[in-house]
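K.L.:
Next come the chains, spelled out residue by residue.
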Amino acid sequence: MKISGKTWKFGDNIDTDVIIPARYLNTIDPKELASHCMEDADPAFANNVGQGDIIVGGANFGCGSSREHAPIAIKAAGVSCVVAEYFARIFYRNSFNMGLPIMECPDAAREADTGDTLSVDLATGVIVNETKGKTYQAGAVPPFMQELIDAGGLMAYTVKNAAG
Amino acid sequence: MGMTITEKIFAAHSGLEKVEPGELITCDVDIALGNDITAPLAIKAFEQAGADQVFDKERVALVPDHFAPNKDIASATQAKIMRRFAKDKGIRNYFEVGRMGIEHALLPEKGLTLPGDIIIGADSHTCTYGALGAFSTGIGSTDLAATMITGKIWFKTPETMKFVFNGRKKNRWITGKDLILYTIGKIGVSGALYRAMEFTGPMIDDATMDDRFALANMAVEAGAKNGIMKADDKTIRFIKSQESQPTREWTIYESDDDARYHSVHEYDGDDIELQVAFPHLPENTRPVGEAKDIRLDQVVVGSCTNGRYADLEVVAGLLKGNKVADGLRMIIIPATQLIYKQAMKNGLLDIFIDAGAAVSTPTCGPCLGGHMGILAEGEKCLATTNRNFVGRMGHPGSEVYLASPAVAAASAVTGVITDPEDVAGE
Ligand code: SF4
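These protein sequences, in sequence, are chains A and B. When we follow the numbering used here, the leftmost residue of the first sequence carries the number 1, and every step to the right adds one. When we follow the numbering used here, the leftmost residue of the second sequence carries the number 165, and every step to the right adds one.
Please keep in mind that the hints were generated in silico from the structure rather than gathered at the bench. Take these hints with a grain of salt, some might be off.
With a cut-off of at most 16 Å between alpha-carbon atoms, the simulated EDC-like pairs for lysine to aspartate or glutamate come out as follows [stated by the list, open to error]:
| # | chain 1 | residue 1 | chain 2 | residue 2 |
| --- | --- | --- | --- | --- |
| 1 | A | K6 | A | D53 |
| 2 | B | K398 | B | D518 |
| 3 | B | K326 | B | E477 |
| 4 | B | K487 | B | D518 |
| 5 | B | K208 | A | D29 |
| 6 | B | K320 | A | E147 |
The whole structure should be built from the sequences, with the hints applied where relevant.
P.N.:
Shown next, in the form of C-alpha cells:
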C-alpha cells in the first residue's frame, strides 16, 4: 500500500502525554481523543491536520505510558502514517496491534520539514520526500509484524488462531 | 552459553529448553492487569472479538486507580464499564474504591505477583514487579484483550543490560529512587530501549523491598521492556509478611555465570548523590546540590514509585515538628488502603496534617495530571512520581521535578528544593 501526505514534523522523545494528555483520557471515543491530538506540542495541530497527513517524529517517538489512546488519537485525527527515527517499545507494539502504519527511518525523519510531501510504500519501506526530491529505505517490517498486519491486527489474528 | 533471569522465565513459560535474544515466543501469562483508563478499551476489543469468558478468573486483575474515586462523569462511566465487566466475568481480583490502591503497590500486597511470574499489564509501570524477580511489562489495551481471551502473549526475547551497583549508599537518605534516576541520567530515556535491565550488586542486596520496587518501577523510563532482580530472602520474607498469601507456587531464577549480556554497567555508591530530574525528561538528572533554591508551588508524595510505607515514614521523620512552607501546597497520597491505615495507626497522618499537608485516599491522581493536585500555568512541583513530561501534572506550561520522598519532604518544609540533611540537621 502506498501512502502520500503532507508532513507534520515533531522533535525527539515525543511522549504519549504530549500525543494525548491524560486529562482527556476519561473517554475512549476516537473523535474526542483526536480533537486533542498533539495538543501540548502544537495546540493548533488537531484543527489543521488534514486527512492522510503524515507525522514525522525524531528519536524515541511514543515514549511514556502504555495508553492505546495515543495511536487511536493519531489515527482518528486522519494521520495515515508515522515516520520516526525510532519508536518507544509499547507505542511500536500498540501501533501494529491497532493497524496504524509506522516506519523507522532515521534519515527520512531527520531531513523532513513540516509541509514537505512524503510518499511511503508500506510494502517495500521506500519513503520519498517529494518536496526535497530524496528517496530513503526504511527498516523492513519484521515478519511477525507483517503477519499481524495481514491478519488485520492483533484481535483478528487472535480470533483466527483461536478458531484454528 | 547460559541464560539470564529474563531468558529463563521466558523459556519456562513457553515450554522451551532455551531462548535466545531476538527469538519470538508465545508465553503463558500468570497475571494480566488493567486499570480504569486502559481496561475499557480492552473490554471493547474483547467484546468485539466475540469472546465470552476470560481465560482464568483468578489471573485477571482490574484496579480503578487512575481517575478513581471518579473525578467526573466521563471517568465514572469508564469505571462503570470495568466494574460491570469484572462482575459479569466473575473476575476475582477486582478491587473497588475503598479496597483498592495504586495497582503496582496493591498487587504485591495481595499476593498476586510472584518470583518467576510473567505479568503483563495495560500500564507501562507494570515493570514494577521485576523487584520480586518476575518478568513484568507494560502492554497496550489490545494486547490485554487478547491475553484475557487466550492467557498467552507473544514477545520478542530481549537482550539484557546488566547494572551492577557496587559499594554502599553514600548517606542515609539515598534510596532506590536515586539509584534509578542516576541510571536513567547515565543511559538516557531510550538507553535500554527494547531491552531487559537486570539490577545486581551489593547495593541491591542491601536495598529494602520498597527501594527495589521504586527502582524496578522506573525501568520503563529508560525505554526498557522490563527491569528485574533476583529474588532473595528479603523477597520471600516480604511475600510471607503480606496480609494476602499467594495461592500459587513461585520459582526463583538466577542468571547463569556465563549468561550473555548486551552490556554491563558498573556504578559505585560513592558517586551516587541524591538525584533530582529536571523538566521535562527523567534523564535530566542532577545531584540535589545543583537543584537547590528552585522555588516550588507544590510537593507531591505518592504514586506507584514512592507511595509505600517506608516512603511515608521518611517524610514523617522530616516533617515532624516542622511546617509546610508558606506559599506551598503539600499533597501526600498513600499508595494503598493498607499503607494508609498503617500510617494512621502509627501516627504518620497526624504528623502530616499537623505540618499542614493534605492527605488523600489512594489514587494516581496528580501523578498523571488526572485530579487531586493539578498545576496551573507556570507552577513548579517536586514529586516523588516517575514522569516529568510536558503537561504531565497539569498545564503544559507547568514544571515537574522528580526526586525521592526525603528530598520532597525537606523541600516542602523550606519551599525550595532542599537536601534533607539541611532540614534534619536544623
Ligand atoms: S501512580 Fe502514576 S505512574 Fe503509577 S500507575 Fe498511577 S498514573 Fe501510572
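K.L.:
The structure should be examined with respect to each hint, and the outcome stated for every one.
P.N.:
Going through the hints against the structure:
1. K6(A) x D53(A): OK: K6(A) and D53(A) at ~5 Å, within 16 Å.
2. K398(B) x D518(B): violated (34 Å)
3. K326(B) x E477(B): violated (31 Å)
4. K487(B) x D518(B): Between K487(B) and D518(B) the Cα gap is close to 8 Å, so the pair holds against 16 Å.
5. K208(B) x D29(A): Measuring from Cα to Cα gives roughly 11 Å; hence the hint holds.
6. K320(B) x E147(A): With Cα atoms ~15 Å apart, K320(B) and E147(A) stay inside 16 Å; holds.
Of the numbered hints listed earlier, those contradicted by the structure are 2, 3.
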